[in-house]
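Which chain is which? The protein sequence lines are A and B, in order. Each residue of the first sequence is one higher than the one before, counting from 1 in the UniProt record's numbering. Each residue of the second sequence is one higher than the one before, counting from 1 in the UniProt record's numbering.
Just so you know, these hints were derived from the structure itself, not from any lab. Misleading hints may appear alongside valid ones.
[As the list claims (entries may be wrong)] Within a straight-line C-alpha distance of at most 30 Å, the following computed BS3-like cross-link-like pairs (lysine-lysine) qualify:
| hint | chain 1 | residue 1 | chain 2 | residue 2 |
| --- | --- | --- | --- | --- |
| 1 | B | K225 | A | K247 |
| 2 | A | K247 | A | K149 |
| 3 | A | K72 | A | K247 |
| 4 | B | K225 | A | K80 |
| 5 | A | K149 | B | K225 |
| 6 | A | K80 | A | K247 |
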Amino acid sequence: MSASTAPAQAGRALRAPARGTLLGYLMLLPAVAVIVLLVIVPMAVIARQSFALSDPLLGGDVGGFTWANYTKLLDPVYAKTMGYSLAMAALNAVVCLVVGYAVAFYIATRPASRQPVLLMLVIIPFLTDFLVRSFAWITLLGSGGPYVKLARLLGFDASSLVPSQFAVVMSLLYAFLPVAVFPIYAAMRSIDPSLREAAADLGAGWWQTHRRVYIPLSASGIGSSVMLTFVPTLGVFVIPVLLGGGKDPLVGNLIVTLFTEFRNEPLGAAMSMVVLILMLLSVAVVAGLLRLLSNRKAA
Amino acid sequence: MDTVMDRVVSWFARLVFVFLYIPIIAVVVYSFNASEVSYRFTGLTTRWYGELFHDERLLETLRTSAIVGLLAGLAATAIGFLTAFALVRYRVRGRAFFLGAILIPLIVPEIVLGVSLLTIFSTAGIPNGLLTMVLGHIVITLPLATLVPMGAMAALDPSLSEAATDLGATGWITFRRVLFPLLRPSILAAFLLSFTTSFSNIVISTFTSGVGTTTLPLRIYSTLKTGLTPELNALGTLLVLFTLLVIALVGVQQMRRILASTN
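Looking at chain B on its own, in the form it has when it is part of the complex (with noise of 0.2 Å):
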């Protein structure tokens, strides 16, 4: 039954399908081409990675990136499970005022974010650097957090607390010994989504950073402005293996989940 446009329509998909990868295949085959310049390709190399390696300005980007996604990451995970967890737990009033709250971050545009960040600091006196830079990836990496636990509560089969409960489990042992347990995997997920979001972001460390407190991303920005060089694809491609180590570690099924929660 299918129509000459059905079948249009499917090769337009696999089409997009490989417009998606073309970027991503150049990136990780640029990275080894032997050449100075980045367009011309003359034969294979894995210089760019040792240089990459003993570029001591970037290691010291990607250390700050690492602990600011660590913190941020972990901040955000703690107080989004408590916050999962109180809005489908108990009993509080206000439920979809509370839930529409932690989402604002989503909907209002991260540059609106960032300047209101900006100026709330140094009207408070706070000097930019590893606290505020922080602090902001929180609110960003919070929604997130939230709704990945919300979804795996969600998720749960509804007899599993109350067996606990009629085996004379108290409320915490049933946390401990059975949803706990059982939401871990949530929990790792939220926390490499917060770890990940706050790893590549741009746009609230620009208004965020301070003296020292360079990430990772806003040094690759402030390099591409002079042009690209054989080493940032080198980057690229460690940062593309990172990004698939972190999918295989959420798994397919929680990501499945999360994206049909986020809707």
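Only chain A is shown next, with the shape it has when bound in the complex (with noise of 0.2 Å):
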């Protein structure tokens, strides 16, 4: 309710009067020539860019016009990597949603003084470098590390889990879930908690009070929470090749090889269109999930 009200508010406030429309505009200047001379001028080069021919001893983009980078697309060398990505980065989004959804909902359901701090916690290992939080896993999982140790004392016969798919999906959903986290929170704040309470009165169980209740409301935070670790997922390059050895790329390495080691800038360019055409096609998804469920809470 707040959340929706105050900008308005501000709006009004801020806008007072209506005058100096035009430095408005000025002042938005820099922003629109950024977006459109950074953004969306370099995308449409690469939608190009991805009918392109390239030339097989020099690489680059030579021009014209041809379906055969889509269609190369198809060979299995390329459809394994893009199957394998596609799953991992379902596999990720779930496994964030039900972690981050257990953690919003705790921190949603802590006394008000405790939210911050808890949040806190949250938001410490998110803006800690990337590079750091991945690599540390290769202390913890990899030989002689502290994982090993720990299950040789408890009597099991365990090696160094680096390079592993276990290794890679661990990362990940370490990478994201933070980000999982906080637009369910955000969405569960809202939630007045004499709901649960009139939930339980009615009779209804845990599941219940959640199926009912928690998901329904806070569901415009889980459709961000998806799309906000599968997307994201399919771009990653330095997990796959510090944890998984760079035996199982992604999508994302593939799009660095080919851009940076074999130039085969048309055959990359249609691989970032198929990365594209997927996001586009999960926020469609999402949205239209969105729809339905707000449609069925008003019928």
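Put the complex together from the two separate chains, hints included.
What follows is the structure in structure tokens.
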């Protein structure tokens, strides 16, 4: 409630006399220039390049028009990476959602005075350098590290988990968990705690309370949470190399390799376009599900 | 009224908080490890910090990261503040459209932004270097640098600028004497968060770096490919301290408002 009225109020207050609108447009000019020149035009160029021919010897874009770059992505080498990336991104989104939901619910149901502290504890790892967060797992899961020692102490015959798919999944969860918590918490914060009591009074069990009260009321946060974890996972290229040993690359790795090593820019551009389309699709799916849910609520 | 399930979820969440800090603590602890081999713990030493400060190549990348972060952070903060002010204060047509446009870099996968920038710079004949990297970092920090002051402007008391006008202050004086001082913490927050984002960026940097503009994350990444060294743990510890410093400077209140406004 208050979140949606506050900006409107401030808008009225700051906007005082409606004059100098020209000045307003002038102030927007630098940002518009940045977005147009450094985001929109470059993406249009990439879209065009994804249909260009590439010189098989020298690499690079030699113009022309072909669908070959897109059909080449169906080649098992690339299709396999694509499928693996999608599976990994979906897995990461689901794991982050489940764990993030639990954490967000925990924070949102603590006394108001303790919530900022708990939120802060989630923010600190989130703002810690991405590489530091990733390489810490090499120490923890690597040979002779705490994981192996602990497992041996307990009598298991454990060996280094780096590189392994488990290490990749683990560090993806670690990297994206805070991003999954924030939107769900933001949505849950405005849920009246008395609804929970009311649900209990009406005989709803734990699961029913969540299914009928908490999940529908925090649906927008859940949607953002899924989008903020699914799409960025596709672009990750550090974690698969450091913790997965580079054997199972994600789309992100492939795009970097195509551009910087193979110099096959049209193929890299086509792959980037596919990632962009997947992003748009996931936005559409999430928006559609949300609309469906709010319609059901209204009905 | 807590059910068994509530208690299970609570304990699970507490474990997740532990999980969030295990790697950070590991980096700090292992940075004092006397052993050359990163995983065998043989005793305490501060040797790696000493080596860190004598690693000329590393210090060079640190300088580059600081310069890029400073330039990109300042530019993004200035542009972001102007944008936020225009969107909140003036009756510009297509407010939602402009705001949406500013947020594009948040939604488009960074890797796509990176390859797009690489392509446009090479098409335009601009060699990769300091300029291209700063421009790339402005793109990814601009949404944050706009949202932070916008959130602060939304939280301002509506009666303040009315009172200033009633007391005879002109638009410029109201801005300089009333609005700007109140918005200063959010401007600092926008800058610090932009600087941090730029400083730790690796995706955009990979595509926009040129000869002589290797940043710290790029250097850490290439070192890591050959193996983790104790020196990197020492560096990681300093980066953790840097994060805590930024959070302390930005402040908890500000941080909460930022998180609320990004939704």
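Structure-based check of all given hints:
no., hint, verdict
1, B/K225 - A/K247, "holds, 13 Å"
2, A/K247 - A/K149, "holds, 26 Å"
3, A/K72 - A/K247, "holds, 21 Å"
4, B/K225 - A/K80, "holds, 24 Å"
5, A/K149 - B/K225, "holds, 24 Å"
6, A/K80 - A/K247, "holds, 12 Å"
The structure shown violates none of the earlier numbered hints.
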